Amino acid sequence: MDYDFKEIEPRQQQKWRHRETYKVAIDPARPKYYVLDMFPYPSGAGLHVGHPLGYIASDIYTRYKRLCGFNVLHPMGFDAFGLPAEQYAIQTGQHPAKTTADNIARYREQLDKLGFSFDWDRCVETSDPAYYKWTQWAFVRMFESYYCQDSNQARPISELEEAFPIYGNEGLNAACTTELSFTAAEWNAMNAHQKQDVLMNYRLAYRASTMVNWCEALGTVLANDEVKDGLSERGGHPVEQRRMQQWLLRVSAYAERLLSGLDTLQWSESLKEIQRGWIGKSTGAQLFFDVVGSDKKLEVFTTRPDTIHGVTFMVLAPEHAWVGELTTPEQRTEVDAYIAATKKRSERERIADTKKVTGVFTGSHATNPFTGESIPIYISDYVLAGYGTGAIMAVPAHDSRDWAFARRFDLPITPVVEGGNVAEASYDAKSGRMINSGIIDGLDVKDAIVRMFDEIERRGLGKLKVNYRLRDAIFSRQRYWGEPIPIYYKDGIATAMPQEKLPLELPPVSDFSPSPTGEPPLARVKDWTYEGHPLETSTMPGFAGSSAYYLRYMDPHNADALVSKEADEYWRDVDLYVGGIEHATGHLIYSRFWDKFLFDLGVVSDQEPFKKLVNQGMIQGRSNFVYRIPETNKFISINKKTDAETRIFAVQNSCLNSDVDLDAIEEILAENGMDLSWFRRNDGFYPFDDLDIIYNPDDPENPIIRPRPIFTKIHVDVNIVKNDILDTEAFKKWRPEFADAEFVLEDEKYVCGWAVEKMSKSMFNVVNPDEMVERYGADTLRMYEMFLGPLEQSKPWDTNGIDGVHKFLRRFWNLFQGDISDEQPTPEELKTLHKTIKKVREDIENFSFNTSVAAFMICLNELGKCDKRQILEPLTILLAPFAPHIAEELWERTGHTATIFDEAMPEHNPAYLVEAEFEYPVSVNGKTRFKKTLPLTLTIPEIEAAVLADENAQRWLEGKTPRKMVVVPGKIVNIVV
RNA sequence: GCCCGGAUGGCGGAAUCGGUAGACGCGUUGGUCUCAAACACCAAUGGCCGCAAGGCUGUGCCGGUUCGAUCCCGGCUCCGGGUACCA
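In this text, residue positions in the first sequence follow the working numbering: the first is 1, and each later residue adds one.
No wet-lab data here; the hints were simulated from the structure. If you're wondering where the values come from, they're calculated on a predicted model, not measured in any experiment. Each residue gets a CB set at the ideal place from its N, CA and C atoms; glycine is no exception. One or more of the hints may lead you astray.
Below are the BS3-like pairs computed for lysine-lysine, each with C-alpha atoms no more than 27 Å apart in a straight line [claimed, not checked]:
1. Lys23 / Lys611
2. Lys807 / Lys15
3. Lys868 / Lys839
4. Lys565 / Lys501
Simulated DEER-style distance windows between Cβ atoms [said to hold, decoys possible]:
5. Asp410 / Pro630: 53 to 61 Å
6. Gly684 / Glu109: 55 to 63 Å
7. Leu745 / Met618: 46 to 54 Å
8. Thr178 / Glu325: 37 to 45 Å
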């Protein structure tokens, strides 16, 4: 019987569904394991062959862990709120709920075909009110919390409301938007609005007027991680800085915990580095500079206090609060003009113009606290208002930006560290000997920094301070398709809806676009009120719903809590999280923040949500090209094209300054099956005399000269190409304009060109998993995706190789086609089996799935024909995580009884596995010639004898007797002839 | 600019506490089967020289350590990712 995957796979899947095989429940008798995939946003395009890569890997691991006796939670759901559905709605009027539901159905269908072992009973959709009730709930809890920096945790805001009337905010060490200082009396004198403003300053979910990334085209604000190079990540629209009232999450309060928590995680170093960089901790000194003729002290932050003797001027951000006061009347006009110009420049322009040095003198001076010199104060937009104090001490000799500024405005440059030449460039390196620096002269930079920290504190000039780059997350979006923010405005005071009134459901609307004035769609909803008070009209951003979904899977139907105590204590955290690295600075930061907040609340019992994380690489497309002769419908095979191009170039090169030799070219073309007349353009000219002259880095004297491509490269659908050979008939049918295409073939074939590109519709290189399942079956697709290369690496999809895996499964299937024999296996067969078991298990544990697939293939090659139950049954179980359909089918045929690995696997006999031997590399006359494997137990004379008896030794010694032989156990054996 | 990662046949990739480089698969070539093609199966397959035995060469480039380097060290080149007036 042939391997009929089309019959087997649906039947096995039906069986799993019917028996609810993958339904999991809390089982205290068994150890838990939680394998999670980053849930997908169900886009309209459906899945391509790259999307399931991570799901396949996690499914293999899940099935493996189950076989090892773990109770594995392996859920799947959908990140259903998001911009694309809403953009689509604006264009077509289709309600996002409708398109989202359709897309989810399609995804579900595609996923089901691959034989995943998800517990679909636990499926969550972020747009489901029963789900987003808990997103809103968490937001309200954040609104009702502040961050205490003494106990390092979130605490109820009511504590502040109780403390302020008695103590004011004296002694309060809490994360806040702006530093406040008030007494109990001052607090008591405030009206309700003022009190609420003060509390807002401390809330973890707060509303504030801040600089935000405003995207005009999308009509909404964006978080920092949603902006790349001044453009929106989705759609690539320009983003500008604007001051707006927005809701924010005080993520920055958790910066230190987010940073230190990384050390406890089994994540890739590169991912941790990305997060560390994003959090951006820097330790430095807070320092005060006296302003000349004023009692003001200008605060700066520096990580290089060692260079303080080299400070020759100061720079403020144009937005710095003191700019007005520090500007002298003479400088007023110039400063105002500069500030106005800065405001106009968009974020994008500023990034583009980083090399342009601009700035204005304020007219004021400050005193360098160490040299006592009077130094000018400038403003410039290279100093950012949002980082540190918005003011810097400038050390032009040792900071490239300060250096450029000093050069532009002709300010003195005093070197204080030896090295470099300050006339040409600043010397930024953190090494060298201090000079011109009084007490720290002669010290190395690193020692000088430490010494200066002490000195600054001792003199009371400032103190050690830690700065983070991590910003609070802007949490409101002026969009429709997101969770409504459960806040209403009672007499203008933002108030959270009571928990029992949640969820606040998204009301139906008919118009999804933002109003011209930037008002969100919800602003148009009639009666968008709570008890007569207007409700917030912004909705939550994309990351809201994905921040705690892993918790909801533990207890998805609980109406009374996000997750029950029991479920949380059993499942605790995600043991293995699989997903793309693109979420490094978004979801993976927010989710960790969210989890830590819930931990502070006592809702969850673990500080970190994702213990181990694996980033699957991207599967790129492999595009194919055909080459069209311009203005014709003739296509030329690639090697003929290349040949013609190369030779035509040679002809042209030989007559660079004279007329092109058309006869010679005609000959070349004819040899490659082409006719010169095809190339004659409508204007009567031939394109051959167009030459490109290209700089040659290897030989700058002789540039590369190349004819312009005289053939047009066109992407061709990879589905009508096999092994780079074009199906010419299918090509003619592919698009009407190619119906009468003609081909110049080589070896009677049309060979296409190829390149690795992103998998996308426009490049016609999208391979659909459904089609692969149709042609080869899910098991083959699963194994092939793993076989393609290391999981974490990006690699191109190439349908060609899939045959090899399919062949393997068919050969495996064929082993079971006769009667299964109960005969004893031979030692060789047992060795092969045990080696394979060991290798595959190790590889699965190391996520090295490509080599474990290879191990299966080797196993089959070594086994040849084998019909013995004792070999075949364990193999089916070993294969089950990878190819569950065929494995279960065959497993059933062996009459198995085992349900987990340890029952099914033959008892480990070390003799089959352990190489109780040692490898001795043998060198003859100083050159290593061969390796000799010998038992560990031998004595040195025995080793000598064994080495000399080796046939390799005979060969290398060529009959000569060794003059000397050195044997050191465990080391190389040296033979001198 | 700074930080991190990588570079191995025609292709995807194996192998690194330093020890026969190229597992496995694809592709290619040859063969068997077939009227034929496809499928399947068998064999060969880094490059160069050689009828062969065999030799030389070979893991981006230059140099070093070592009996021995894809692996360790120093200096480059190129590619990928992160980040960027972050003081």
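Each hint, compared with the structure:
no., hint, result
1, Lys23 / Lys611, "holds (23 Å)"
2, Lys807 / Lys15, "holds (26 Å)"
3, Lys868 / Lys839, "holds (21 Å)"
4, Lys565 / Lys501, "holds (22 Å)"
5, Asp410 / Pro630: 53 to 61 Å, "holds (58 Å)"
6, Gly684 / Glu109: 55 to 63 Å, "holds (57 Å)"
7, Leu745 / Met618: 46 to 54 Å, "violated (35 Å)"
8, Thr178 / Glu325: 37 to 45 Å, "violated (18 Å)"
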